[in-house]
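Student: Sequence:
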Amino acid sequence: MRCTTKPAANHSRKISEEALVFLEHAIVLDPEYAIKASGDKDFDILRDDDRFKALVT
Numbered sequence: 092m093r094c095t096t097k098p099a100a101n102h103s104r105k106i107s108e109e110a111l112v113f114l115e116h117a118i119v120l121d122p123e124y125a126i127k128a129s130g131d132k133d134f135d136i137l138r139d140d141d142r143f144k145a146l147v148t
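Each number in the working numbering comes from the position in the sequence shown (counting from 1) with 91 added on.
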């Protein structure tokens, strides 16, 4: 039996990294996105990430 936990965690981490990069680019283009992202439930998975906090505060 093969365990897929590690690849799944790596994939999830990659998606989180990409989301932070895209969010940072959006905020550079329009700082209003920081305010929008801070309350957007789609970012709940990143809410405790220090990089996310730095982007939206």
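Just so you know, these hints were derived from the structure itself, not from any lab.
Watch out, some of these pointers could steer you wrong.
To be verified - Below, computed lysine to aspartate or glutamate pairings styled on EDC-like, alpha-carbon distance capped at 16 angstroms: (1) K144 <-> E108; (2) K144 <-> D131; (3) K144 <-> D133; (4) K144 <-> E115; (5) K127 <-> E115; (6) K105 <-> D140; (7) K144 <-> E123.
Unchecked claim - Distance windows between CB atoms, simulated: (8) H102 <-> A145: 21 to 31 angstroms; (9) A100 <-> E123: 31 to 41 angstroms; (10) E108 <-> T148: 14 to 24 angstroms; (11) K127 <-> K97: 25 to 35 angstroms; (12) P98 <-> I126: 29 to 39 angstroms; (13) P122 <-> P98: 14 to 24 angstroms.
A quick note: this is a predicted structure, and the numbers were derived from the prediction, not measured.
We put the CB at the ideal spot given by N, CA and C, even for glycine.
Student: Next step is simple, just say for each hint if it's right about the structure.
Tutor: Now for the hints, and whether the structure bears them out:
no.: 1; hint: K144 <-> E108; result: holds, 14 angstroms
no.: 2; hint: K144 <-> D131; result: holds, 13 angstroms
no.: 3; hint: K144 <-> D133; result: holds, 15 angstroms
no.: 4; hint: K144 <-> E115; result: holds, 11 angstroms
no.: 5; hint: K127 <-> E115; result: holds, 13 angstroms
no.: 6; hint: K105 <-> D140; result: holds, 14 angstroms
no.: 7; hint: K144 <-> E123; result: holds, 15 angstroms
no.: 8; hint: H102 <-> A145: 21 to 31 angstroms; result: holds, 24 angstroms
no.: 9; hint: A100 <-> E123: 31 to 41 angstroms; result: holds, 33 angstroms
no.: 10; hint: E108 <-> T148: 14 to 24 angstroms; result: holds, 20 angstroms
no.: 11; hint: K127 <-> K97: 25 to 35 angstroms; result: holds, 34 angstroms
no.: 12; hint: P98 <-> I126: 29 to 39 angstroms; result: holds, 35 angstroms
no.: 13; hint: P122 <-> P98: 14 to 24 angstroms; result: violated, 36 angstroms
Violated hints amount to a single one, hint 13; each of the other numbered hints is respected by the structure.
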